[in-house]
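Protein chains in written order, with this note's numbering: chain A, 1 to 135; chain B, 1 to 135; chain C, 1 to 135; chain D, 1 to 135; chain E, 1 to 135; chain F, 1 to 135.
Keep in mind the hints are simulated off the structure, nothing from the lab.
Any given hint could be a false lead.
Stated by the list, open to error - Derived DSS-like pairs (lysine-lysine); straight-line CA-CA distance at most 30 Å: (1) 86(A) - 125(A); (2) 115(A) - 58(B); (3) 115(E) - 40(D); (4) 58(E) - 37(B); (5) 86(B) - 52(C); (6) 30(F) - 58(C); (7) 86(D) - 115(D); (8) 115(D) - 115(C); (9) 128(A) - 21(A); (10) 26(B) - 22(A); (11) 58(A) - 26(B).
Stated by the list, open to error - Calculated Cβ distances over 12 Å to all of chain C for the following chain B residues: (12) 86; (13) 114; (14) 124; (15) 129; (16) 133; (17) 135.
To be verified - A short, non-exhaustive set of chain D residues, derived as facing chain C with CB atoms under 7 Å: (18) 102; (19) 114; (20) 117.
Ideal Cβ positions, reconstructed from N, Cα and C, are used throughout, including at glycine.
As a plain string of letters, each chain reads:
Number of protein chains: 6
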Amino acid sequence: MEKEITEIKGGQAMDSLETFKKYRQKMNEKILASGNKQIKRFFTLDSRAYEKGALSTKVKELLGLVASLVLRCNDCITYHIITCVKEGVTPEEFFEAVNIGLIVGGSIVIPHLRKAVEVYETCLKMKKEGKELTL
Amino acid sequence: MEKEITEIKGGQAMDSLETFKKYRQKMNEKILASGNKQIKRFFTLDSRAYEKGALSTKVKELLGLVASLVLRCNDCITYHIITCVKEGVTPEEFFEAVNIGLIVGGSIVIPHLRKAVEVYETCLKMKKEGKELTL
Amino acid sequence: MEKEITEIKGGQAMDSLETFKKYRQKMNEKILASGNKQIKRFFTLDSRAYEKGALSTKVKELLGLVASLVLRCNDCITYHIITCVKEGVTPEEFFEAVNIGLIVGGSIVIPHLRKAVEVYETCLKMKKEGKELTL
Amino acid sequence: MEKEITEIKGGQAMDSLETFKKYRQKMNEKILASGNKQIKRFFTLDSRAYEKGALSTKVKELLGLVASLVLRCNDCITYHIITCVKEGVTPEEFFEAVNIGLIVGGSIVIPHLRKAVEVYETCLKMKKEGKELTL
Amino acid sequence: MEKEITEIKGGQAMDSLETFKKYRQKMNEKILASGNKQIKRFFTLDSRAYEKGALSTKVKELLGLVASLVLRCNDCITYHIITCVKEGVTPEEFFEAVNIGLIVGGSIVIPHLRKAVEVYETCLKMKKEGKELTL
Amino acid sequence: MEKEITEIKGGQAMDSLETFKKYRQKMNEKILASGNKQIKRFFTLDSRAYEKGALSTKVKELLGLVASLVLRCNDCITYHIITCVKEGVTPEEFFEAVNIGLIVGGSIVIPHLRKAVEVYETCLKMKKEGKELTL
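Chain A on its own, in the form it takes in the complex (with noise of 0.2 Å):
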């Protein structure tokens, strides 16, 4: 199937991965600054939630996704897809894992399944050549 995929938007798309990733991380930076630890504590236990346990993170990050995409988050849903990447999901499991959550979720969720269509090729493509997939 990745045949298939030809590119979009290219290299705008990294780009706004790379928008994504600055102020993802310049406003992080600022809200830990805060003061206020019970926010602090939330954002330890949302990363913990995804480590490795008795289930495995690449399974951990496709519930991810799959709540994202059901709650049509389009941040999330591109913070779990480029973990879901870097985890090895392949393309016939990530169509797989979306399809539940368009069934789940229904058609308001299809302006979700575009974007995540999109993001998840720009990683892939990132993958390909070995740029690093970060957050």
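Please arrange chains B, C, D, E and F on chain A, whose structure you already have, making use of the hints.
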């Protein structure tokens, strides 16, 4: 009422419709080419849902519009307004329908109501100028 | 289609409609007696939204039904179905409308679709037996 | 205004609060005993969020109440109303707060507003009778 | 951990599963008999989504469970837990998955988490006693 | 804490507030000029809800902010933060309020929390520079 409608961000709004249309088309092609048959079938079911049956396409598109409004999805709102204008929904009908979305969904719907009115005006203008209203 | 409709939890469902009606009425009275004028005005706006205008009450009630279905609120679904039946919505129209709710809102809507079909059948039965359909 | 408040489903509503309290307590114990430390930490963060800080517990509980109202969760609404009554929220304050929830969240909130008013009345009555308001 | 699981509302919870199962089956039959082919196709797509593919049924059911949890639908949660138990999801896996639902969806998810734990325990118990876990 | 707040996307964020303000104003005028009286009344009710009553405007705006945060609407968040800053909400109060939104709504709220912090900083800066904070 149409007289009261003065142009807002004129050509800009049409450009934005055009951008939406191209992105939507390109990504839909990619999604349908992914090889996942269930997603493909969902897309078919999605378009079938608005075909004329016991209820007219006009009523069905209004149902799709109000559902998209209360679920607060700009892309879905845009999609259904384009067809609503094609189906001849008048300003009075349009505002009565979105008022139901506003009452059911509350003030959180207002930012999407603004978008809906902008898109509706743009589509009305395009129709008057004989421009093609398609997706 | 109506022939295929066999009674489900027969009198029980009607009892449940009756219980809903009484609770709704009693609590609405309390809310309106609370002295908060804005809530009172909201309730007025809410009932006005479904009055005949450029769109018929029937279409408006279908809009309210589908909005309630995708937002997954059983009480609101029940409310709009009662009026839909009074307005003469046929089974074919009913199922086409709820199908749009199902497609837009996804499988998460299904438990509410079950409830909707149960309420619709009960109301149809009450109408046939000449029982009053009010709230 | 309190004078206008007449008993609704009197002892029944209190029984229902008692049932809620027991089920909540029993299940929370099971969840906390599950061995999953992250869920345990989340529960701690959850209760900490409403402790007095720069904002009073009363204001924080009103924030929790309105958030629960617009997200339409009866159990969460019940929980926050119990503490609101303990913190001395007056009927005028209560109805102004829930009115904001109603305006923001729309008519889909109304069934939960009914429940909220029922729970608020029950808790006021319990307080007046010197009954313990705990969870 | 299983040792820590003591019976809650024992036979009662099983009865409630049985009631859910019967109601679900009866209403699904009515919906499928309605003559609306699109709803029928949606139901087919819905069950197909969880069939083994590149992802296992176990992972797919966990995806369905977490999606149902963040969208806060008790019936859908119940449905996916029954299959999760059939697929051998262990308590550790179960709690890691629902923890992701809790972190993503927040404290508003907690009442549904309580229900999920109750259903999970009931299903585990039924499995241990050799009772049939079907829907 | 204010000292820790360094400028982010400085003039850019203010421009974006200005753009939001103009678009909001222009579209609101169009909506109110549409001739639909019910929408007009809804808009009146909406602004009335935050006027001083038994609760202060400050508390009411915090209620509006947290409701907007858990419902994840950036425009509504922006609107309420502008008034919060005018009402003198301190950083400590702001972060305690949004922490409640985060706990109730979960990690899906985080992208909107980032936006909220950006808008809050921009408004604080404008206030310090004696710039007008209006909508």
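Is the Cα-Cα distance between residue 128(A) and residue 21(A) 30 Å or less?
Holds, because 20 Å separates the two Cα atoms, which is no more than 30 Å.
Does residue 115(D) pair with residue 115(C) here, judged by a C-alpha cut-off of 30 Å?
20 Å, holds
Given the hinted pair residue 30(F) and residue 58(C), is their alpha-carbon gap at most 30 Å?
With Cα atoms ~28 Å apart, residue 30(F) and residue 58(C) stay inside 30 Å; holds.
Can we trust that residue 114(B) is non-interface, i.e. its beta-carbon lies farther than 12 Å from all of chain C?
19 Å, holds
Just to be careful: measuring from the Cβ of residue 117(D) to every Cβ in chain C, is the smallest value less than 7 Å?
Cβ of residue 117(D) sits 6 Å from chain C, so the hint holds.
Against chain C, does residue 135(B) keep a CB gap of more than 12 Å to every residue?
Given a closest Cβ separation of 16 Å, the condition holds.
Using the nearest Cβ pair, does residue 114(D) come within less than 7 Å of chain C?
Cβ of residue 114(D) sits 4 Å from chain C, so the hint holds.
Starting from residue 115(A), check that the Cα of residue 58(B) is at most 30 Å away, please.
This hinted pair holds, its Cα atoms lying about 29 Å apart.
Check on residue 124(B) being off the interface with chain C, judged by Cβ distance over 12 Å:
15 Å, holds
Is the straight-line distance between the alpha-carbon of residue 58(A) and that of residue 26(B) 30 Å or less?
29 Å, holds
For a C-alpha distance cap of 30 Å, please report whether residue 86(A) and residue 125(A) respect it.
12 Å, holds
Non-interface claim for residue 86(B): all C-beta distances to chain C beyond 12 Å?
18 Å, holds
Checked against the numbered hints given earlier, this structure breaks none of them.
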